[in-house]
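Line by line, the protein sequences are chains A and B. Note that this note's numbering has the first sequence beginning at 26, numbered continuously upward. Note that this note's numbering has the second sequence beginning at 3, numbered continuously upward.
Hints are not guaranteed to be accurate.
As the list claims (entries may be wrong) - Mimicking DSSO-like on lysine-lysine, the simulated pairs with C-alpha atoms at most 30 Å apart in a straight line are:
{"hint": "1", "chain 1": "B", "residue 1": "K137", "chain 2": "A", "residue 2": "K69"}
{"hint": "2", "chain 1": "B", "residue 1": "K137", "chain 2": "B", "residue 2": "K22"}
{"hint": "3", "chain 1": "A", "residue 1": "K170", "chain 2": "A", "residue 2": "K69"}
{"hint": "4", "chain 1": "A", "residue 1": "K170", "chain 2": "B", "residue 2": "K137"}
{"hint": "5", "chain 1": "A", "residue 1": "K48", "chain 2": "B", "residue 2": "K137"}
{"hint": "6", "chain 1": "A", "residue 1": "K69", "chain 2": "A", "residue 2": "K48"}
{"hint": "7", "chain 1": "A", "residue 1": "K48", "chain 2": "B", "residue 2": "K22"}
{"hint": "8", "chain 1": "A", "residue 1": "K170", "chain 2": "B", "residue 2": "K22"}
Stated by the list, open to error - Ranges between beta-carbon positions, derived for each pair:
{"hint": "9", "chain 1": "A", "residue 1": "R151", "chain 2": "B", "residue 2": "A57", "range": "23 to 31 Å"}
{"hint": "10", "chain 1": "B", "residue 1": "L121", "chain 2": "A", "residue 2": "W117", "range": "43 to 51 Å"}
{"hint": "11", "chain 1": "B", "residue 1": "G93", "chain 2": "A", "residue 2": "L35", "range": "52 to 60 Å"}
{"hint": "12", "chain 1": "B", "residue 1": "A57", "chain 2": "A", "residue 2": "G160", "range": "37 to 45 Å"}
{"hint": "13", "chain 1": "A", "residue 1": "S111", "chain 2": "B", "residue 2": "G35", "range": "34 to 42 Å"}
In short, the hints are calculated from the structure, not lab data. Glycine included, every Cβ here is placed at the ideal spot set by N, Cα and C.
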Amino acid sequence: MSRFVTAAELGLLGCHRCGHVLKRPGQGALGHCDRCGATLHRRKPQSLERCWALLIAAMILYVPANTMTMMRTTNLLNSTDDTIISGVIYLWVQGSWELAAIVFIASVMVPISKFIALLTLLITVRRGSDWDRPGRTRLYRIIEKIGHWSMLDVFVVALLVALVHFDVFGRVEAGGGAVAFGAVVVLTMLASMSFDPRLIWDPPARHD
Amino acid sequence: MSVDRWVVCEQCDAVYTRRKLQPGEVADCARCGHHLYRRHRFDVEILLALTLATAVVFVLANVYPIVTIDAQGSRNAATVWGAVIATWESGVGFVAFLSAMLVFFFPLAQIVLFSYVLLALHRGARPREFRQAMKALALMQPWSMAEVFMLGILVAVVKLAGMMEVIPGIGLWSFAMLTLLLAALTSYDLQDIWDIAERLDDREAPAAGSTGERA
Numbered sequence: 026m027s028r029f030v031t032a033a034e035l036g037l038l039g040c041h042r043c044g045h046v047l048k049r050p051g052q053g054a055l056g057h058c059d060r061c062g063a064t065l066h067r068r069k070p071q072s073l074e075r076c077w078a079l080l081i082a083a084m085i086l087y088v089p090a091n092t093m094t095m096m097r098t099t100n101l102l103n104s105t106d107d108t109i110i111s112g113v114i115y116l117w118v119q120g121s122w123e124l125a126a127i128v129f130i131a132s133v134m135v136p137i138s139k140f141i142a143l144l145t146l147l148i149t150v151r152r153g154s155d156w157d158r159p160g161r162t163r164l165y166r167i168i169e170k171i172g173h174w175s176m177l178d179v180f181v182v183a184l185l186v187a188l189v190h191f192d193v194f195g196r197v198e199a200g201g202g203a204v205a206f207g208a209v210v211v212l213t214m215l216a217s218m219s220f221d222p223r224l225i226w227d228p229p230a231r232h233d
Numbered sequence: 003m004s005v006d007r008w009v010v011c012e013q014c015d016a017v018y019t020r021r022k023l024q025p026g027e028v029a030d031c032a033r034c035g036h037h038l039y040r041r042h043r044f045d046v047e048i049l050l051a052l053t054l055a056t057a058v059v060f061v062l063a064n065v066y067p068i069v070t071i072d073a074q075g076s077r078n079a080a081t082v083w084g085a086v087i088a089t090w091e092s093g094v095g096f097v098a099f100l101s102a103m104l105v106f107f108f109p110l111a112q113i114v115l116f117s118y119v120l121l122a123l124h125r126g127a128r129p130r131e132f133r134q135a136m137k138a139l140a141l142m143q144p145w146s147m148a149e150v151f152m153l154g155i156l157v158a159v160v161k162l163a164g165m166m167e168v169i170p171g172i173g174l175w176s177f178a179m180l181t182l183l184l185a186a187l188t189s190y191d192l193q194d195i196w197d198i199a200e201r202l203d204d205r206e207a208p209a210a211g212s213t214g215e216r217a
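This is chain A alone, in the form it adopts within the complex (with noise of 0.2 Å):
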């Protein structure tokens, strides 16, 4: 591959918020964006300490996001628990196999996924690898994008809850499963924006 020239090295900063292209100032304090006034860093301050406490804290909460309810459905007759799982489960038995599908992809997969992916990339950075560079900054970017998906379940038990309330009928209540798993949306989306993409590029040497 041929050999790239970096800001860094040139002693120029893009802007992480309007990517104006500025000269840097030496050492030290940056000062603001002269174009649209951000703080200014050379990368994102404290980036893999946050992510790695961002992501531990998301990966406890998943816990209590997949074994406490979800959404709890009463009637004269009986009361029903779910969790995302049984949820899943019982669209699949339903015969909606699609939405089966894209509840367990959003809820299960895309979650899992990004912890594999954020832990990858923060040990691969610690240990100032290489490997395919191009790659995890792919890898980055997707999960990235797909992160918020996750929040559609506790979506889905929102539009439940508004729209079972009956006295005969029934009525579906959200429980302490929703609140742990959008905490664990909300966590994973913190961990992958304060990760620092550039760091994958740096030469080992200007980290820690």
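Given chain A, work out where chain B should sit, using these hints.
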């Protein structure tokens, strides 16, 4: 200040010289594949029209019920705010908060701020609070989730269809339109809007621009 001669890849830090693109063309980073910059097919006027259309559809999507369900004569209808209030009363305030912010306030704020910025640019000047508006738009972009809610509506409808009659409302079609329009609106890179604003400044002060064009 003119539009930058350089462009820096925000994902791998590679530096390129900027080239003028054809409408619809995208410049990708040759090193990591990230979209560096693009020239959108839409100009400010089309974007402004889209924004105003989005505003109208947003109102319809939130005023009319999205779906109504009928269980042997008892009926219930839901709107986005209905879902927010119901989850709040159901004791899961965080779910209510998420729904309110991600599906109502952020899309609404995006529409208002886009209108504010684009109306001024259309008239040929930056609005007074341009920086603040652009900052807020950039921060909100990843958290605006109307399209996810739209898919959620479909899943909820299918879940209920087996048990009771589900009647789609005007709100459902409006919400579908809202999803498409917001997607078109946010496909516009905020960095492009910065570049448009810079070009406006250049047109206003050509003399100042030509002397400072050395770097």
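Cross-check of the supplied hints:
1. K137(B) with K69(A): holds (17 Å)
2. K137(B) with K22(B): holds (26 Å)
3. K170(A) with K69(A): Given pair K170(A), K69(A) holds - Cα atoms ~19 Å apart, limit 30 Å.
4. K170(A) with K137(B): The hint holds at about 20 Å.
5. K48(A) with K137(B): holds (22 Å)
6. K69(A) with K48(A): holds (18 Å)
7. K48(A) with K22(B): holds (22 Å)
8. K170(A) with K22(B): holds (27 Å)
9. R151(A) with A57(B): 23 to 31 Å: violated (47 Å)
10. L121(B) with W117(A): 43 to 51 Å: Because 49 Å falls inside the window, the suggested range holds.
11. G93(B) with L35(A): 52 to 60 Å: holds (56 Å)
12. A57(B) with G160(A): 37 to 45 Å: Since the Cβ atoms of A57(B) and G160(A) sit about 41 Å apart, the hinted range of 37 to 45 Å holds.
13. S111(A) with G35(B): 34 to 42 Å: At roughly 40 Å between Cβ atoms, G35(B) and S111(A) fall inside 34 to 42 Å, so the hint holds.
Checked against the numbered hints given earlier, the structure breaks only hint 9 and satisfies all the rest.
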